[in-house]
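A.B. asks: Whenever a hint applies, use it, and build me the whole structure from the sequences.
Protein chains: 2
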Amino acid sequence: MFRHKQPTPARLRSPRISHFSSTSFLLAHRAVVYRHNGQPSDVLTATTFPTLPPPRQHWINIKYILSPINPADINVIEGVYPSKPSPLSSWWPDGSHFDEPLFVAGNEGLAEVTAVGSGVHEYKKGDRVVLTAQQSGTWASARTIPAQFVTKVPEEFSDVNAATVTVNPSTAYNMLHTFVKLEAGEWIVQNGANSAVGQAVIQIAKRRGWKTFNFVRNRPDVDLLKARLYSLGADVVMTYEDLADKTLRDQVKTHTGNKPIRLLLNGVGGKIIPRLVGLLGSGANVVTYGGMSKEPIPVATSSLIFKDIQYRGFWQTRWYKENTLEARQDLMRELARMNLQEPEHEVVTLPREENDEGVTRRVKDLFVKMSKGQYGRKVLLKVEDPHD
Amino acid sequence: MFRHKQPTPARLRSPRISHFSSTSFLLAHRAVVYRHNGQPSDVLTATTFPTLPPPRQHWINIKYILSPINPADINVIEGVYPSKPSPLSSWWPDGSHFDEPLFVAGNEGLAEVTAVGSGVHEYKKGDRVVLTAQQSGTWASARTIPAQFVTKVPEEFSDVNAATVTVNPSTAYNMLHTFVKLEAGEWIVQNGANSAVGQAVIQIAKRRGWKTFNFVRNRPDVDLLKARLYSLGADVVMTYEDLADKTLRDQVKTHTGNKPIRLLLNGVGGKIIPRLVGLLGSGANVVTYGGMSKEPIPVATSSLIFKDIQYRGFWQTRWYKENTLEARQDLMRELARMNLQEPEHEVVTLPREENDEGVTRRVKDLFVKMSKGQYGRKVLLKVEDPHD
Chain A
1 MFRHKQPTPA RLRSPRISHF SSTSFLLAHR AVVYRHNGQP SDVLTATTFP TLPPPRQHWI
61 NIKYILSPIN PADINVIEGV YPSKPSPLSS WWPDGSHFDE PLFVAGNEGL AEVTAVGSGV
121 HEYKKGDRVV LTAQQSGTWA SARTIPAQFV TKVPEEFSDV NAATVTVNPS TAYNMLHTFV
181 KLEAGEWIVQ NGANSAVGQA VIQIAKRRGW KTFNFVRNRP DVDLLKARLY SLGADVVMTY
241 EDLADKTLRD QVKTHTGNKP IRLLLNGVGG KIIPRLVGLL GSGANVVTYG GMSKEPIPVA
301 TSSLIFKDIQ YRGFWQTRWY KENTLEARQD LMRELARMNL QEPEHEVVTL PREENDEGVT
361 RRVKDLFVKM SKGQYGRKVL LKVEDPHD
Chain B
1 MFRHKQPTPA RLRSPRISHF SSTSFLLAHR AVVYRHNGQP SDVLTATTFP TLPPPRQHWI
61 NIKYILSPIN PADINVIEGV YPSKPSPLSS WWPDGSHFDE PLFVAGNEGL AEVTAVGSGV
121 HEYKKGDRVV LTAQQSGTWA SARTIPAQFV TKVPEEFSDV NAATVTVNPS TAYNMLHTFV
181 KLEAGEWIVQ NGANSAVGQA VIQIAKRRGW KTFNFVRNRP DVDLLKARLY SLGADVVMTY
241 EDLADKTLRD QVKTHTGNKP IRLLLNGVGG KIIPRLVGLL GSGANVVTYG GMSKEPIPVA
301 TSSLIFKDIQ YRGFWQTRWY KENTLEARQD LMRELARMNL QEPEHEVVTL PREENDEGVT
361 RRVKDLFVKM SKGQYGRKVL LKVEDPHD
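Protein sequence lines correspond, in order, to chains A and B. Just so you know, we're using the UniProt record's numbering here: the first sequence kicks off at 1 and counts up by one. Just so you know, we're using the UniProt record's numbering here: the second sequence kicks off at 1 and counts up by one.
Treat the hints loosely; a few may be bogus.
When chains are identical, the list treats them as one kind, so a pair holds in a single copy or across two.
As the list claims (entries may be wrong) - With a cut-off of at most 27 Å between alpha-carbon atoms, the simulated DSS-like pairs for lysine-lysine come out as follows:
hint, residue 1, residue 2
1, K124, K181
2, K294, K181
3, K84, K253
4, K181, K259
5, K369, K294
6, K84, K259
7, K369, K211
8, K372, K63
9, K246, K84
10, K364, K152
11, K259, K321
12, K226, K124
13, K369, K84
14, K206, K382
15, K321, K369
16, K84, K206
17, K84, K307
18, K321, K307
19, K364, K253
20, K369, K259
21, K181, K211
22, K307, K181
If you're looking for bench data, these hints aren't it; they were derived computationally from the structure.
C.D. replies: And the structure:
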């Protein structure tokens, strides 16, 4: 029978099992799960499952070290993201399932291998791995999963850099290398330059010998923010208010030596875009990876016809679908070699001593705070294991 | 000295000559010219110049048969188009010039060769040619121009089809062949389907075995318009109001057999675009060649990131710059072979008997009418020659 190590409070309904084998559903230790889409603070609960069995053939057991919270994770929980997780039951090899689907939240994560099943030769106990399967559910203390869901992490990586490599720095790297073949000394423009992607763009461009015009929102501590971006290697940092400056184009030309700018990376959208496009040369690419303004991009017809601007999108999830495991590993090694500074972050620990109800309360509080914008930094969950 | 064959009224100032040789400025017979940018009805005048001299080496003399008025021509006269004509004086081989620049309006035109200079072997008297040089000034009765400014017209072409081939059908052809390699039976979507480009798209697609969803504005006589587009080979014609129909996507899927649509041709812009994009498959191209709504295109961030829609522009002028004369000739031959129906048109004759003042009045009236939208059809000028 399904056993909790600690009594489940009534408001945390345990998954109802219709039929199962005694080992097949023992798939996590403590996990942050949801049964229905909604606001994370409403629908997430921490649930402790029984101790994992030894991994089956071609599977491994892992213990999570750090599990980032990305904005897209929230959209997945809300049900408004195109990538959907598989319910926990669908992973069970014997076809058994809960009456209602149960989802483990989280897409990105760094874990340590704790045991390998028969037929697994690529990994051994103690290896650090990141999850490469999309939406496999990483906000957990331990899971048993197919070995093909992970890939090994280069040794050079710190835990924080390894835990956060698959989304933001990978997005930055691919946007800089996919759309335009940039030459040494060439300038690019980006907005949202203080985002995790933006900071990775600055650093990767710096290491490649490319120059960055970086735009950020004006704010009380903007000079501090600018100083941080300059310390990462930004060449110019400006605010969107500077876009109203009539001399800006001339300033840009002075910087670039009048060489046309061919790449704008956009994580913001909205009405600043036409002004940023005004800084670009003919045939430039505007590559969108986010829309923090929640506004559409007003594209001027003339920019398409006469200036030949190409408006494209980039989605790291699609890149993973379209590229081989080797390409992923190359990408990760390349990023490890670049030795990027860790993103500004905060580790939120979900302590092993606390019961599921207490941890659920922490999770809810965390997402209430995040929804109020009280975290400027990346939040990494450390889900401690109640079975340790 | 500069002589007019007829007295110039005071309000039509003749170009003031600073220094010249007696033959070098004899470059047109009657031409529709302007000295300053502005509304065509304000700034255009008809001016009669002396009889053309024999063509110099590598030049030819031509007599215009038909000279289309394209919307872009109006933008050029207004000074809001990126292509600028060269002033008449700058053509003079000896460097002589008027005190103020004088421009002959018009970009597209069909002409007959009346004389060839020494060294011209590609053309002979009587050849029908179209102007391939951009903004060379075609609203004229006769000109003397470099032979390299023209190319010969395939015999199959009617005068109207030849006169209008270099802009609209060429745009339609290239948009259908450049961005997506369409397969037999594949569907495309276009708006502004009753425009000259739109009608060419329908016919070219039909001849290639591609299917067209065509959108037009609703209007009192919409059934007549639909009937005309169906007669050209349209597969489905709808109005923008039909985009509100919740079953539209299913209707489209029924037509396409659920095959994703990969190409949207946009000559309109504005807020209908997101709805049209909703009919497309992942990775589709939205190719813009016009902006009749005068509204920007509101591009949804999600369409870029998750749906991988690519928003591109097409400009036939750029195509001409980037392609060889051979490619142009191939394009024209291909279009001649396709035997497209003549665009709905009206020939406006500027009669040889009338003096410049009277012709100027006709030109002004014409553009007042056009600016009020009183011409639904393409207008072709026939500038009769006062020297004939």
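A.B. asks: All the hints need checking, so say for each whether the structure fits it.
C.D. replies: Evaluation of the provided hints:
1. K124 - K181: Neither: 39 Å inside a copy, 48 Å across copies.
2. K294 - K181: neither (30 Å within a copy, 34 Å between copies)
3. K84 - K253: Between copies only: 24 Å across, 45 Å inside.
4. K181 - K259: within (15 Å within a copy, 33 Å between copies)
5. K369 - K294: within (20 Å within a copy, 43 Å between copies)
6. K84 - K259: Classified as between: cross-chain Cα gap 23 Å, same-chain 43 Å, threshold 27 Å.
7. K369 - K211: Neither way: K369 and K211 sit 36 Å apart in one copy and 53 Å across, limit 27 Å.
8. K372 - K63: neither (31 Å within a copy, 73 Å between copies)
9. K246 - K84: Classified as between; 24 Å across copies, 46 Å inside a copy.
10. K364 - K152: The answer is neither: 32 Å in one copy and 75 Å across copies each exceed 27 Å.
11. K259 - K321: For K259 and K321, the Cα distance is within 27 Å only across copies (21 Å; inside one copy 35 Å).
12. K226 - K124: neither (44 Å within a copy, 68 Å between copies)
13. K369 - K84: within (25 Å within a copy, 57 Å between copies)
14. K206 - K382: For K206 and K382, the Cα distance exceeds 27 Å both inside one copy (32 Å) and across copies (61 Å).
15. K321 - K369: neither (33 Å within a copy, 56 Å between copies)
16. K84 - K206: Intra 35 Å, inter 40 Å, cutoff 27 Å: neither.
17. K84 - K307: So K84 and K307 pass the 27 Å test across copies only (15 Å; inside, 38 Å).
18. K321 - K307: between (32 Å within a copy, 14 Å between copies)
19. K364 - K253: Classified as neither: same-chain Cα gap 49 Å, cross-chain 42 Å, threshold 27 Å.
20. K369 - K259: neither (45 Å within a copy, 45 Å between copies)
21. K181 - K211: within (14 Å within a copy, 36 Å between copies)
22. K307 - K181: both (19 Å within a copy, 24 Å between copies)
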